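Asker: Sequence:
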Amino acid sequence: LHVGPPHNGPPGGILSRSGKVRRVVQYLDKKFRQYYVPTQNISVDESTVGFKGKIVFKVYNKDKPIRWGIKVFVASESSTGYICAIEPYFGKPTTQNMDRQDLGVT
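If you count the sequence shown from 1, position 12 lands on 12 in the numbering used here, and the numbers rise without skipping.
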């Protein structure tokens, strides 16, 4: 999956960790919520998407079946497993800004 050419960076040349994939993730997240309305039983968990390449925010978790990869926070419906929302972990700045008003946490 190639999400953008390398020369399409922000002015000044400083690209955030989520720079190239942010729009793709936001699009997928929007479509997940647009086409399916979950029931009241929702599970929020962290998951690992397998990745063997070189990337700054690749994590290792010895307790997961996929040990090396990109950590994502996922809200899914408990009965079907359908993903309702997804938030990739790009490092410490990700968890500082995780206030998601649209999820309606109670």
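In case anyone wonders, no lab produced these hints; they're calculated from the structure.
These numbers come from a predicted model, not from an experiment.
Treat the hints with care, since some could be wrong.
Across the chosen pairs, the derived CB separations fall in these ranges [said to hold, decoys possible]: (1) Q26 / V59: 36 to 44 Å; (2) I55 / Y27: 16 to 24 Å; (3) K30 / D63: 29 to 37 Å.
Glycine included, each C-beta is placed from N, C-alpha and C at the ideal position.
Asker: Go through the numbered hints given earlier and state which of them the structure violates, listing their numbers in rising order.
Answerer: Structure breaks hint 1 only.
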